[in-house]
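Listed in order, the protein sequences are those of chains S and C. Heads up: the first sequence begins at -17 in the numbering used here, then just goes up one per residue. Heads up: the second sequence begins at -16 in the numbering used here, then just goes up one per residue.
Just so you know, the hints here were simulated from the structure itself, not pulled from any lab data. None of these values were measured; they are calculated from a predicted model. Cβ coordinates follow ideal geometry from the N, Cα and C atoms, glycine included. Be aware that one or more of the hints could be misleading.
[Stated by the list, open to error] Just the calculated beta-carbon pair ranges, DEER-fashion:
id: 1; chain 1: S; residue 1: Phe223; chain 2: C; residue 2: Thr149; range: 41 to 51 angstroms
id: 2; chain 1: C; residue 1: Gly109; chain 2: S; residue 2: Glu48; range: 28 to 38 angstroms
id: 3; chain 1: S; residue 1: Leu107; chain 2: C; residue 2: Glu117; range: 40 to 50 angstroms
id: 4; chain 1: S; residue 1: Phe223; chain 2: C; residue 2: Phe44; range: 51 to 61 angstroms
id: 5; chain 1: S; residue 1: Arg362; chain 2: C; residue 2: Gly109; range: 19 to 29 angstroms
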Amino acid sequence: MFAAALAATLMPLMFGGQASAQGEDDPPAEEAPAGELDLSIFGQLRYDDPTTGDKVSAPNVTIEVEGVGTVETADNGEFRIAVPEPGDYTVTLAVDTLPEGVNLVNPDANPLKTTVNQGSDQRVLFPLVSGDAEDSTAGGISFRRFAQLAAEGLKQGLYLAMAAIGLTLIFGTTGLVNFAQAELVTWGMLSTYFFNFYGLAGMFGFLAPLPPPLGGGVNLVLAAVLGVIAGGLLGYVLNRFIFRGARRAGVSLIAQMVMTIGLSILLRYVFVYIFRGAPRSFGDFSAQRAIKLGPIELTAKDLVAMALSVIILIGVASYLEMTRMGKAMRAVSDDRELAESTGIDVERVITWVWVSGAALAAASGVFFGLDQVKWDFGFRILLLVFASVTLGGLGRPYGALVGALVVGLTINLSTLLIDAEVKNMVALLILALILLFRPQGILGQRERVG
Amino acid sequence: MDWGFILERTFSTMFGVEVMVFALAAVGLNVQFGYGGLLNFGQVGFMAMGAYGLGVSINYFQLNFLAGVAFGIVFSIVLALILGVPTLRLRADYLAIVTIAASETIRLFVRWRRMKEITGASEGIGEFTDPFYESGLNPFTVGQRYDFGPFSYVGRDLWVLMVGWTILIITVLLVKRLMSSPWGRALKAIREDEDAARALGKNAYAYKLQALMLGGVIGGIAGMLQVIQKGSIQPDTFNPVITFTIWAILILGGPGRTWSPIIGSIIYWSLVSFLENVLRGLPEGPAGTLEDTIGLSDFNVSQVRFILVGFGLLLLARFRPQGIFGSREEMALDDR
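Just chain C, same shape as in the assembly:
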């Protein structure tokens, strides 16, 4: 077993694209759920809106890259309005039902045969990322591999990472600032006791809608970064499991805390990468035994990850809903 290789892969994952994308999406969810108490189970829908907003406006409407980004953001806001307006006046679980349904519906819609010309249907969209990589700001050579101690990335990814982590850190700091502003404190008050906040004259509905939109936009940007790194948009990558992974990450780090999305994402992806690389790198003997007894093979190693995500989410919600580092005071998993 090549431990050096496994550790290198694990270390590179720690600050890799997945960690960055999922952390950013979790920052969005943190605004909605951690601070606002909104049960958004369709974060992947916002990611899809961002990604398709970008891809469609560049590929179909022939707009430039920045206009594409703007459209991705607009799409995310529109989705938040569609989801929020009917549900946010109602009990919290209605939003959960509608968001989970909507994210699946978006996937069905963009892969609809008749949308072929616009969204590329099941084949998705490619060739919209050139302006990003060919930008004069990119200091790296796209094809070259860069090593920094135990970390090793391709130049192409390094550029995405640089942009992505910058956006991520700025977003986290902005959210931190926002949550100590009057707006953020009103939002937290609504999370704690909506009736009391309303009695104080706060328009709870408007605050919740704004939180849903803000979190959705952050999710949309995460979606854009993801497809920029992949170089293509595939409808089926936006499946509900992504949402649940984001939830697991947020609860792992502790909802309602500034840095929890990043910490949760690093822990989650390091564990996943370590586990997968160990399982895939097993020598013949133990690997054969595993295959004979529980049918584990290269083919279904990745399914083990989702089994563990589910199990982890179940255990966390049951025993530590405030997350590993969270405090009971900020715990937002509460009745409404």
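Bound conformation, chain S alone:
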């Protein structure tokens, strides 16, 4: 359902401008044998002007890739150097060629080790700062920064909301706190990555030579739709083959919760086994330039993804309010026995809850993946998801939505005062405070939960 909405909205984009851009970057596999593809390491050197706050490019800076050669940045600060084959490379920025008064934010990260993967160019980042490196961490409170952080918080909150609603739906109908929800997020992200690079069947090595779309990768938009479908499918499989049996055998909820934890480790390490530890990015839209909207800078992909997540969230809300299945979900959530006695097939509702909850988590993973694809991403945001769900009241979908937005905004705005490195700690603080003073959540009803 969500997948269909995604597809419908992005179809024009797929066959429009993006298709031609992709054609230039990645010549189809038939034209060049594997290994001779034009792989390159690229990036852009820019820094904030301390007085105006504008982005300024750093031209004529020498970048060396060990064993390959050197390149100078163009007027817009961009550089691109072709590398012969996938593998590990060391990239060095010649610090003395930087413009006057400009330094690396993190001098320890130069030289930088990077890995170029088969079939994708590798972006390297050398964050720059005008003035001393230490200054950038202090950060001041300005309207511009506030607006930018609020925008990023809104973005994170919207993406979080999808994962949180999935978790809260499953909790509401089955009473199970699903710790593997984090891995459902990662699953959406990774399966999208694999569809994006290997097509529908290419991840199985021997099927890779098939013509696209079966082998060789599909456009990210289609891959994202497939990723969300794969998410729903995994949700179905988990419920059908693991948790339905456990419920029938009368396994207690606590034991089921330990099962989800086992499942979470199992999936996570299967992911790292297959995907390896290094972060990667999707093949399309990975190097977009930010668009200025008043004081805010966001990339086009962010804007599209945020709009899409709003559409999906509205879709979920109308699904819960208007369709028979949505109403049944809420009924089972409110009172399982009562719902059952009015003729609702509870097991069928639970199946749909698992499918849609997992698909929502996968969608969240796809959107988060626009920034970075990593094997333990879901686990990294698990704390935020839990904080959102608890804030809104366990088992309440709208509560989870509000909770996610509050968490996203709060932790991002908190970086006005504290280091970004520890912003997730603020989520724990929210969690502890809400449990102390309003354990039923901001939208929950007053009732004894102890």
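Dock chain C against the given chain S, drawing on the hints supplied.
Quick look at chain C alone, frame taken from chain S:
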């Protein structure tokens, strides 16, 4: 394939440092979960508190070793209070959520750049163990290797093992004694039926908080022993997978039973060590086949372990929540 070597390594693992540390941490979890029914999914956080309490007070505050140990214990108690006070009045799963979140937060906090001076940030703390190894009580030569039949340890580890196993056995016996005392029986009653226990006038909240603190302190001591053996404190070794391994060990042995943490830990680490050594010791032919088909190499052999931990935990919780040797009566995996 060198079976002699593989068996020697497996045997040495059976009473090695990992078994001892994880068994002790599991004793702590056993107090909390096995006897108290508390879902603490942040045991690694208590281990980190113990370890950093020790390391920071020696390395940063220049205190002596015993004061460091005392601080490690105090830190663990403080963590238990922070986690327990808001959550223990609520339904059981809230504690699970908060503890799992807190243990990750502790890791983020100690590796925070600004904590560099105190906790050493991502580089951690080193050089705080000398008083332990140079203690006059140490009967072993630190650098020498000692063999006892199939068991073989370095003198340094042997000293840690001696201290560690002594603490472990004493702790297990103390916990056994405690659980047959009125306090322990009240705790078990609360696990079985909180409302009934409250109706009998027991302050369930206080009992649960005390159990969380006691288990946390035992976890903290396990954390100290671990970093003493390693000789350094690395923030990233305190990751949530440790907690889940401890859970797997406890459920393997059977929650709520006296010796289950030790039995579970021995079974778990022997299996892991045997499997890893076999996989790493494979001759060229089969090793090559495995690498070609499923991409198994020296590099990711250790990930297989965690895949198996996850799978084992899933199966145990589903089919034998009382553990391999546990009894249905003591089974604590129950609704609350």
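A quick look at each hint next to the structure:
1. S/Phe223 with C/Thr149: 41 to 51 angstroms: holds (47 angstroms)
2. C/Gly109 with S/Glu48: 28 to 38 angstroms: holds (31 angstroms)
3. S/Leu107 with C/Glu117: 40 to 50 angstroms: holds (46 angstroms)
4. S/Phe223 with C/Phe44: 51 to 61 angstroms: Cβ of S/Phe223 to Cβ of C/Phe44: about 54 angstroms, so the range 51 to 61 angstroms holds.
5. S/Arg362 with C/Gly109: 19 to 29 angstroms: holds (27 angstroms)
Hint violations for this structure: none, all hints satisfied.
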